[in-house]
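Residue numbers (this note's numbering), protein chains in the order written: chain F, 5 to 733; chain S, 13 to 251.
Be aware that one or more of the hints could be misleading.
Heads up, simulated EDC-like pairs for lysine to aspartate or glutamate below, C-alpha to C-alpha not over 16 Å straight-line [unchecked claim]:
(1) S:LYS27 to S:ASP229
(2) S:LYS248 to S:ASP114
(3) S:LYS27 to S:GLU196
(4) S:LYS182 to S:GLU196
(5) F:LYS77 to S:GLU154
(6) S:LYS248 to S:GLU236
(7) S:LYS182 to S:ASP194
(8) S:LYS248 to S:ASP229
(9) F:LYS77 to F:ASP51
(10) S:LYS182 to S:GLU73
(11) F:LYS76 to S:GLU154
(12) S:LYS84 to S:GLU73
(13) F:LYS77 to S:ASP159
(14) S:LYS27 to S:ASP217
(15) S:LYS248 to F:ASP51
(16) S:LYS182 to S:ASP217
(17) S:LYS84 to F:ASP257
(18) F:LYS76 to S:ASP159
Sample of chain S residues at the chain F side, in silico, Cβ under 10 Å [said to hold, decoys possible]:
(19) GLY39
(20) ALA46
(21) ILE55
(22) ALA62
(23) PRO102
(24) ASP159
(25) ARG249
The set of hints was computed from the structure by calculation and includes no laboratory data. From the three backbone atoms N, C-alpha and C, an ideal C-beta is built for every residue, glycine too.
The lines below spell out each chain.
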Amino acid sequence: MKLKRRTFIKALGLAAAGSFLPGCEREVHHLVPYVLPDDEIVPGVADWYASTCRECQAGCGVVVRVMEGRAKKIEGNSEHPLNQGKLCAKGQAALQGLYNPDRIREPLRRPEREGRRPFEPLAWEEALTQLTERLRKVQGPVIMISRPLSGTLAELVSTFMRAIDGELYFYEPGADLPLRAASRAAFGMDAWPHIDLAGSDYVLSFGAPFLEGWLSPVSLGIAYGQMRQGRPLTRGRFVQVEPRLSLTGASADRWIPIRPGTAGLLAMGIGQILLAERPSALPETQRRTYERIYGDIPLDRIAALTDIPREELVRTAREFGSAGAPLAIGGGAACAHTNATESLAAIQGLNVVTGRIGRPGGLRFYEPALFSGTQSIPWLTERSLGELAQRALSVVLLYDSNPLHTAPPSIPLRRLFEQADFVASFSPFMDDSTSAADLILPDHSPLESWGDHVQPTSFPTAIVSLSQPVVTPLYDTRAVGDTFLSLAHRLGLSGFPRETFHAFLQDRWRRLLSEQAGTHGEEAFAAAWAHHVQQGGWWGRPGRELTVTAAPPPLPHVPATFDGDDQNWPLYFHPYPSPSLGQGRGANLPWLQELPDALTSAMWGTWAEINPHTAQAHGIRQGDIVRIVSRYGSIEVPALYYPAIRPDVIAVPMGQGHQEYGRYASRRGVNPQSILAPLFDHRTGVLASAATRVRIEATGRPGRPVLLEPSALDPGHELLTIGKARSSP
Amino acid sequence: MSEHKEEPQDGRPYKWEMVIDLDRCTGCEACVVACHAENNIRISGEQEAADGRAINWIRIERYWEGEYPNVKARFMPVLCQHCGNAPCEPVCPVYASYHTPDGLNAQVYNRCIGVRYCGNNCPYTVRQFNWFDPHWDAPLAEQLNPDVTVRQNGIMEKCTFCVQRIRQGKEQAEKEGRRVRDGEVVPACVQSCPTSALLFGDRNDPTSRVSQSAASDRGFHLLEELGTHPAITYLKRLP
Chain F
5 MKLKRRTFIK ALGLAAAGSF LPGCEREVHH LVPYVLPDDE IVPGVADWYA
55 STCRECQAGC GVVVRVMEGR AKKIEGNSEH PLNQGKLCAK GQAALQGLYN
105 PDRIREPLRR PEREGRRPFE PLAWEEALTQ LTERLRKVQG PVIMISRPLS
155 GTLAELVSTF MRAIDGELYF YEPGADLPLR AASRAAFGMD AWPHIDLAGS
205 DYVLSFGAPF LEGWLSPVSL GIAYGQMRQG RPLTRGRFVQ VEPRLSLTGA
255 SADRWIPIRP GTAGLLAMGI GQILLAERPS ALPETQRRTY ERIYGDIPLD
305 RIAALTDIPR EELVRTAREF GSAGAPLAIG GGAACAHTNA TESLAAIQGL
355 NVVTGRIGRP GGLRFYEPAL FSGTQSIPWL TERSLGELAQ RALSVVLLYD
405 SNPLHTAPPS IPLRRLFEQA DFVASFSPFM DDSTSAADLI LPDHSPLESW
455 GDHVQPTSFP TAIVSLSQPV VTPLYDTRAV GDTFLSLAHR LGLSGFPRET
505 FHAFLQDRWR RLLSEQAGTH GEEAFAAAWA HHVQQGGWWG RPGRELTVTA
555 APPPLPHVPA TFDGDDQNWP LYFHPYPSPS LGQGRGANLP WLQELPDALT
605 SAMWGTWAEI NPHTAQAHGI RQGDIVRIVS RYGSIEVPAL YYPAIRPDVI
655 AVPMGQGHQE YGRYASRRGV NPQSILAPLF DHRTGVLASA ATRVRIEATG
705 RPGRPVLLEP SALDPGHELL TIGKARSSP
Chain S
13 MSEHKEEPQD GRPYKWEMVI DLDRCTGCEA CVVACHAENN IRISGEQEAA
63 DGRAINWIRI ERYWEGEYPN VKARFMPVLC QHCGNAPCEP VCPVYASYHT
113 PDGLNAQVYN RCIGVRYCGN NCPYTVRQFN WFDPHWDAPL AEQLNPDVTV
163 RQNGIMEKCT FCVQRIRQGK EQAEKEGRRV RDGEVVPACV QSCPTSALLF
213 GDRNDPTSRV SQSAASDRGF HLLEELGTHP AITYLKRLP
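Same shape as in the complex, but just chain S (with noise of 0.2 Å):
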């Protein structure tokens, strides 16, 4: 009973964030490889490509700075911010894109009917519209993750923190009677990274890791200005 703080009838709800501490990114992209994996996230082929119809879920966005020889490259990887005031949800007219208790910014597939309002509305252009049916070669599609969704052609898709995961690592602890530990649910993006440059956990406990890295004086939010107030929060590279 001495644990009983640790237990999740205390009413504290969690409260999912991520920290991208861009001084350790380098770019590599394990994280977009891992999403693809753990997601089943199709493969577009060049022609889909090209027309700009690829999905990503997190892409690593890249910028110029300065001039020759003075120039810097600047990595970014973007994803869906899970904005605690997001853009996305007041449009969609059926509901698919709603805020769960724990913070996500959800997309329920089977509701959606891809009139892509959500994806215009994205000040972040993380969300991605499957332009025609997903399609592996046999025997690739062995490799897909039962946990997850196939999506269809006309469903709108993105970033879900890798719900799955979430709500196993909550079920186990529910089950055994305690709240989920720090580190122990991680989406596939954060658990892949080699230079730790991706931190997931619960901010409504102010011990985690994330919460105590996002107070960092190097913390800003992306296009903080719109006020959507995203569960993202950005570790500034030193110059």
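This is chain F alone, in the form it adopts within the complex (with noise of 0.2 Å):
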């Protein structure tokens, strides 16, 4: 056939046009699954919105990467003071929160405290009904143990539980209430101080672990980057004073491995060489009631107690003062023991004596964020949450907090929530306390829910963060501030006039932009809202700084005191937050339980370091199990040899050990807190978690630590180094 152009083109277009029937039938649809896109969504492109992270007390500004309606990824938002830009392992895990498969997606009841029937399912109209029922006819007291909350709902929850003449308590565990309360007594503030480590060319630290989960640890890590390397001449050099050389200490210049519970005495030694040897700017009263307080007992007394050489006392109380910018700061190890309080006030202490309150790089003082209402409501502490426990309590209300799981069994906590006539959580995981619940009523992840937070600690600028809603939420949760919304109108309460906890939210923002920002007029206030939403939150005022002028003595050295004699009990038991996992509110997220302990590599459980001659001298070879002894119980889990830490000390980390936590967490590992004696801050009542004395004994059976580093279960079996191949022929 002569095929003329003509025909070919014509043949052409008809092929052309067949080939777009078919595509009339298929299912198209499948592939892209909007025909008209949402406004928000186009494919492939992503958008960015900026919210807040809630893994931390801090309160770090996050963007969250969203495509096609899911969330992508949490990053820093470089915008927000605090963190600019930058977030730590565990805010970036977050993530996995939200898509966690675990999460409780729908309310639930218990059908009967006894027996081991399984949560039902139930509609949210009836579970809420259900609740309201038990507040109205309420016969004894109702309590509330929730996370720490901040802003908004925090103001909401407290007039809610006014309003039902209910407690509201806020419960963390590890909080650093013996800071704040030392604070309290060395310069008659009650508050977080600002640590102006940036500043700082001379960091004494007692057992603070500034760079893994403490007060603000985003914020510390920018400052600590700037303290080394981000001054042209000078480099800032940092001693760290713990019995284990912790996460943080290991970046220290120098470690000194000071005896458990002798913090306080150390920084009473250095202090009486820095009022000895310098000229102070105290007042000359003031003066001789710090040489009083820190003269109390001999130097060389000191130095046999903390189990440090004299002279390395004095070379560092000499460096620390002849720095131009010296400062103290104590937490971690040194908060953990009887006299927590005592020792902080000491330590914070020589800030004072070398006039550093309130000066660039020393302890800084800002006026409180806004709304800080929040102030009065108290914490619990372990030994506060004991003395609940021993109260006929009616209704018991737990959000977010898990003190089953982070406060020891010797605390006999259970009885709180078995002689409660009912227990409601809002918890949004199952959890070892909400497990033990009569109904959940399950709150949304952070990335789907409104909310704002205030700077908890004091900063150089005013911050209140904002929270939106990233995705639609996944599942039937409602967000926990619609939840109190909804029981307030069910049970006729009056002070509540809006349906939702947007609008709650927006009227404390009208009156915050009138009042900070001179925003009126709801066309102003809508733009503002808009710009204050996308960018994160409200900050910009610098904050006043407050001066120290109430100079109350510090308090009198106590010693600390421990469960069990050295003769049956020769090791101090030193568990420690996890610096992935915390206390365990990570234990959840894989990224988190994959992520190799920097200074062991274990992942995916627990295990006690131990110092490697310790080991050998009760026959415990690298990976054996270890069994760990104390009055109240034991533990067995596997040993790694540790070079860091002291000989009479041995350490786990906390965090694992849950009962009920999702699929990744349940069964894993142990919780060092089964064994600790009820010992507290005796100040404060926070759990002196360091305070237990133990034996070790070996059980000869190998364990299996999950490393990064295989090579240290088996020195045997090293990879050849560069080195060993070269001086071989």
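Assemble the dimeric complex from its two separately framed chains, guided by the hints.
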């Protein structure tokens, strides 16, 4: 057939038209789900939403990358003054909290207290009715134990609890309450100070874990980088004092392995030397008070008690005294004893003696940020939790707090749940405490919720961060703020004019913006609100620095007490919050479970850190199961040789050993809390987690710790190193 | 036209390099999670991790120095060094491991046949093999980054310097007729690092922060004596 150009083109046109025809019949909508795409969704293009990290109390600003309605990544918000675009491992892993397969997906009720019948789902309507009925017919006290709340949610919940004559308590394991108490005692400031690390040139840290989840770890990390290499001519020095070298201590120039419980004594010794050798800026009377308190115990005695040679003590004091901007901070291991508050007061006093309060590179206090009405809400400590458990309670409300895991069983807390008439939890995950509830009204993920957060520690800029939902809620959960508003309406309480938490939040911001920025009128507010939501919060005004005028005398020294005598219980037990899992909050996130511990390279479990000499003396090989026994019980964990721990100390990270916390955390590892004695910082009542003495027993059984550095387990199987290869013929 | 020098047509290619200041690194591992989140690195689970098959494109190596009580820990973030003279490249029989004009040591996943020669030949042990298909418990897979391929069983993988970010940055810059600005493109690890221990940029730009930092007298390269010419300059931690 002769094919003309014209017929060819005709045929081509027909073929092309024909190829469209089947397209009409195929279900192409499976390929592109949006025939009319959502305004906010452009396939392949990411949206970024500003929000606030809720993994710890610091409240860093984050931006969340969202594509086609799914959150893809959490990054630091570069506009946020606190974290300046940086974010820690925990904050980034929060995404796996949103998409966690084990989230509670709907309201649940437990059919009976006794027996093993599982939780049953029920409708929100019914769940809210049940709780309303309970609250209406309440016979005795109603208490609520919540993780520390901030901003508008704190106001809403505390107003609600007041309206029903209930008691609201904040509870956070390992809360730095002794630090706040010590600031009150040493400077008359009831606040967490701003630690001006970036401006210091000599940091003397008594166990403060400032690079791993203490106060505001990301902003302290930024400041640390500045302190080391951010100034052209000055490289700040850093000395860490603690019985076990922590992740923070690993960055120090010098580690002083102090005997547990004696950090305050060392501070006294250094204070003595400073006062004797240096002209002090202190007024005469204050100087005499400090001389009396610091001079209470002779230097040689301090050297013997702290197990630090006198020369090292003198050297440290002289380095500290001759530095341009020395800074003394305390926390972590120094905070885990019965004398925590006194020790921290003695440590913070070193800043007073050298005149570093309110100075660049020292401890500074700023006017608290706005909305700080939550200051008056009492915090529970492990001691007061124990006391609470002795009371006959009617209704216990629980929000995102897991005391049955984070407090030792030697404090009979389970009573609190067993004896209360009714326990309701608002937690988004099933954990050891929530699984003891009668009714669960699950909260949204923070990435699905509105909220705001007030900067809790003193900071040069006043910050109120905003959270916004970045994805549509995945499940039939409800923001806890909305749940409380529903309850208030059902109970007929006055003072809750709004239907949704979003409206309640906006009301407060209307007040904030009219007071602070002079934004009046609905139109101006709408524009300002959009701006602040987009930015991630409100900040800008530099906070007013407070001058410390009150100079109360420092607290006199009190020796730390321990459970168990040193004959039968020769070792100090040193549990510490895991840098990645904290006290267990992060354990349900697989990224954090698989994150190798920076010092041991261990993943997915619990281990014990032991000085190699101690281990060998007990016949414990690397990786063997060791039994750690206290007067309150025993645990078995694989032992890892750890060269940077005192021979009389054995350390175990917290964070694992959950009974119930989803598939990644349940029944994994052990909880070192389970063998702790009920001893507390005697001033604040916070658990003295390092006050239990133990003995160890070799079981002879090999353990199976999961290590990224497997050669650590089997020294005979080391990889051939370059050096060895060279030296062999 | 006064900005002619800024245009990509000036012929200067990019040379992506990194500087890691060990005096700033605290071993916090924010970089490790950032990398996992950005690059769809699978969750291996306890068993596979115990068998040494967990995948980390960046890891924190820790070295103990000295004996108790004068003992020190040193951290060193180790990732693919993107060697100028990469030992992994010539051994690949299928050219899956090759060098890009920007100086990246790239891995073409759909060429890889899983012989693992490259992994054996890498002195930094930063190449990791997929011994099984990745798995995410639903709905964890919702998080996966659509810009990055998920690697299947039998594939070798490693750090790419977040090539998807580099490509996006270059495209944007090309559209605007300029070179990529210093700091405009950073891998996820660099972006997250709280202490700014990691820096990233164009070594062909003498004014970039990475060029200036790499000139520090604290600078060294990992296993320098092997002659691999790494693109990562470490700055020594001070005593």
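>> Tell me if the interface restraint on ASP159 of chain S is satisfied: Cβ within less than 10 Å of some Cβ in chain F.
In response: Since the shortest Cβ distance to chain F is 9 Å, the answer is holds.
>> Check whether the Cα positions of LYS248 of chain S and ASP114 of chain S lie no farther apart than 16 Å.
In response: Outside the cut-off at roughly 26 Å; violated.
>> Between the alpha carbons of LYS77 of chain F and GLU154 of chain S, is the straight-line distance 16 Å or under?
In response: holds (11 Å)
> Hey, LYS27 of chain S versus GLU196 of chain S, does the alpha-carbon distance stay inside 16 Å?
Replying inline: Holds. LYS27 of chain S to GLU196 of chain S sits at ~14 Å (cutoff 16 Å).
>> Holds or violated: the hint that ALA62 of chain S contacts chain F, with Cβ atoms closer than 10 Å.
In response: holds (4 Å)
> Is the interface hint for ARG249 of chain S satisfied, with its Cβ closer than 10 Å to some Cβ of chain F?
Replying inline: holds (9 Å)
> Does the alpha-carbon distance linking LYS27 of chain S and ASP229 of chain S stay inside the 16 Å limit?
Replying inline: violated (21 Å)
> Any CB of chain F closer than 10 Å to the CB of PRO102 of chain S?
Replying inline: violated (20 Å)
> Between LYS27 of chain S and ASP217 of chain S, is the straight-line Cα distance small enough, at 16 Å or below?
Replying inline: holds (8 Å)
>> Check the hint pairing LYS182 of chain S with GLU73 of chain S against an upper bound of 16 Å on the C-alpha distance.
In response: Violated, because 32 Å separates the two Cα atoms, which is more than 16 Å.
> Regarding the pair LYS76 of chain F and ASP159 of chain S, is the alpha-carbon distance no greater than 16 Å?
Replying inline: It holds: about 11 Å lies between the C-alpha atoms, which stays within 16 Å.
> Taking only the CA atoms, is the gap from LYS248 of chain S to ASP229 of chain S under or equal to 16 Å?
Replying inline: holds (9 Å)
Hints 1, 2, 10, 15 and 23, counting from the list given before, are not met by this structure.
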